[in-house]
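Put chain P on the given structure of chain H with help from the hints.
Here the protein sequences come in this chain order: H and P. If you're matching positions, the first sequence starts at 1 in my numbering and goes up one per residue. If you're matching positions, the second sequence starts at 1 in my numbering and goes up one per residue.
It should be emphasised that the hints constitute simulated quantities derived from the structure, not laboratory data. Misleading hints may appear alongside valid ones.
[Unchecked claim] So the derived label-pair ranges between C-beta atoms look like this:
{"#": "1", "chain 1": "P", "residue 1": "S9", "chain 2": "H", "residue 2": "G290", "range": "23 to 31 Å"}
{"#": "2", "chain 1": "H", "residue 1": "D409", "chain 2": "P", "residue 2": "R36", "range": "49 to 57 Å"}
{"#": "3", "chain 1": "H", "residue 1": "T553", "chain 2": "P", "residue 2": "E52", "range": "40 to 48 Å"}
{"#": "4", "chain 1": "P", "residue 1": "G21", "chain 2": "H", "residue 2": "P407", "range": "34 to 42 Å"}
{"#": "5", "chain 1": "H", "residue 1": "V346", "chain 2": "P", "residue 2": "E98", "range": "49 to 57 Å"}
{"#": "6", "chain 1": "H", "residue 1": "S473", "chain 2": "P", "residue 2": "L103", "range": "20 to 28 Å"}
{"#": "7", "chain 1": "P", "residue 1": "D85", "chain 2": "H", "residue 2": "P450", "range": "33 to 41 Å"}
{"#": "8", "chain 1": "H", "residue 1": "D446", "chain 2": "P", "residue 2": "G21", "range": "25 to 33 Å"}
Glycine is no exception: its CB is placed at the ideal position from the N, C-alpha and C atoms.
So the chains spell out like this:
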Amino acid sequence: MLPTERNDFSQSSRARIRKPFHSTVSYARPVSTAGEPGNTLTGVEDRLRRIKSVTDAALAHVDVETLLTELLDPVRELLGVDAATVLLLDVPSQDLVVTVALGMEATVRQGVRVPMGKGFAGRVAAEKQPMIIERVDETNVLYTVLADHGICSLLGVPLLSSGTVIGVLHVGTRCPHRFSEDDVKLLQLAAERIVVATQSRRTEVERAAALVFQRSLLPARLPVVPGLELAAHYVPASSGGVGGDWYDVFTLPSGWLCVVIGDVVGRGLVAADIMGRLRNALRAYALLGGDPAEVLERLDQQVLHFEPETMATVLIAMFEPSFGRLHFSSAGHPPPLLALPGQTAVFLDVPSDHPVGVHGGLRRRATTMTLPPGGLVCFYTDGLVESRDTSLEGGLDELSRSVVAGPVDGLCRKLIAQFVGAEVPGDDVAVLAIRRQDSGEVGPLDLVLPALPWSLRDIRLAVRRWLSAVGASPRAIADLLVAIGEACANAIEHAYGPGSGNVMVHLELQLPDVLATIRDTGHWRPPRQEDGGRGTLFMRDCSDQLRIDHGPTGTNVVIRHRLSQAACR
Amino acid sequence: MTSARVDSSADGGSTHIWVSGEIDLANAPAVEEQIRTAISSHPTSVALDLTELTYMDSAGMRILYRLASRLHALRIVLELIVPLDSPTRRLIELSGFESIAALRPIRS
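Chain H extracted, bound-state conformation (with noise of 0.2 Å):
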């Protein structure tokens, strides 16, 4: 039977429901079992005794709701009541979601919430007061879940933490029932406890549930891309605090590379949830197309429209195909670094913007600057600038003292140790090196996609960066797209018949040439359209020197062009 709701509480109704010691509601009646000593407010602390004995070492190692059991029992036999059920606060929906219920157990499997502000429960904790209601009926509360368990009188008080309200405990009796005083404080000294306990385990079981949520949102292997060398560090922080740092590095169908940096403002696996919206989110507007300043001006919207409590800063920076150039825009994240060979890294001048998540912005800004070959770039968050004792002034000095044009893996782990050193970080910090390779140091590419149409696109991608890292003239870029495109298509079209296999693609420098060579192991056939030949006089007409091998084990197409050269004819 589906629930039904009552949002609606009537004036006859709202009379029935008392806050105990509040001056206007009359609370004069006597407590029946005033005089037996176990029920004195001394006794109240004895009673407690054995409330507090099941919080011990025996229960270290259970569930919250395991937990909780164990110290709703008592509870339910001290007050000599039929149920006993505690609510706990979900943050995100402000919901109060049953999670146990003693003499009431369909209710947690029915997974019953109770909305902040509705029905006795979201009244106690709305208004943070305990409460009691002694005749249960379908006008003072929100669903007929309790009427349904045969539950007449109630009493509930709210579950606090420092002030905030995590949950509410009641507890209720099927036969009419008035809660005494000391009923209420009894109750409030057990909420006292449970809080405690919920809290300690909550945040244990939260925080390693964050860092395993954290960690696979954040990217295990960074793509490898040809001419870039790419190192990222995260160190998580301590005391519960599991933030919202994140790094993301991604490459587009269009050929640029987007590197992404951000923090979400709060902590803990709400932080973490956030965070992991949010890089998708950013991942989708950047496949969009638009420049980072457009693609931050997307994610405004879906932060403001869908997560209106969230904050965050976000730093996005383009690699255009080539890496010469990039293009950034900042939502209130510190500035990179920019490192050349030889000299004193200094903090890109990246015009700072609002963060992510705060309305009435002003248009975004979006900025270029060239990276030269050798040259490298320092991302990071402000956890590694702010976790020493020195002022932030202090930190970042220290950080464009400590940041060098050198291996990216290393320049990593040497920051992490100068700033973070052995001690947790009171924040996360997250840090992110990425150096443009010297035409020089680019080693040979090798490729191997399976042999379907759909891979020329990315063999194209792949084979102009690597000609673009090599400092190959646009020329011979232009020409080499087409002869090893052409190849590929032989490949994909001719060798394999309706089998599969694959298609595999080396290049390297022999200065002053470009030697590319593409692989089947197919078997090798004419072409067959009329017109199929223009293929193999576009690789002849587009390369300096072409060879090509058909053999028992596929065919091998060697081509030959000058590195900066225009090719010929």
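Just chain P now, kept in the frame of chain H:
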């Protein structure tokens, strides 16, 4: 997946077609079909603008040849707009296409 975009506009008897992006084996059939659709109104002349085409190989050239012979049979004038010094222009020149259709750097 290789992507290209085909846009067209008809002005009296002449149809202007813009092809941008890249053409290779992967998308040639789709591009050819889109060009065919653009000329289905039986214009008297067709201007095919390849200014924004960043890559084309023999699969793209095959489209141009088939289009040219079809239009020739229908007595429809074909004009190709390809900037000087573009990689596409070089391939078109290499394949001797100039003998069957006018090649202009900008729209005449």
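Evaluated hints:
For the pair S9 of chain P and G290 of chain H, the supplied restraint of 23 to 31 Å holds, since their beta-carbon distance comes to about 26 Å. In this structure the hint that D409 of chain H and R36 of chain P lie 49 to 57 Å apart at CB holds, the actual value being about 54 Å. A beta carbon spacing of about 42 Å between T553 of chain H and E52 of chain P agrees with the range 40 to 48 Å that was offered as a hint. The given range of 34 to 42 Å is respected by G21 of chain P and P407 of chain H, whose C-beta atoms sit roughly 38 Å from each other.
Distance hint check for V346 of chain H and E98 of chain P: the Cβ-Cβ separation is about 53 Å, which falls inside the suggested range of 49 to 57 Å. In this structure the hint that S473 of chain H and L103 of chain P lie 20 to 28 Å apart at CB holds, the actual value being about 25 Å. For the hinted restraint 33 to 41 Å between D85 of chain P and P450 of chain H, the CB-CB distance of approximately 35 Å keeps it satisfied. A hinted range of 25 to 33 Å holds for the C-beta pair D446 of chain H and G21 of chain P, which are about 27 Å apart.
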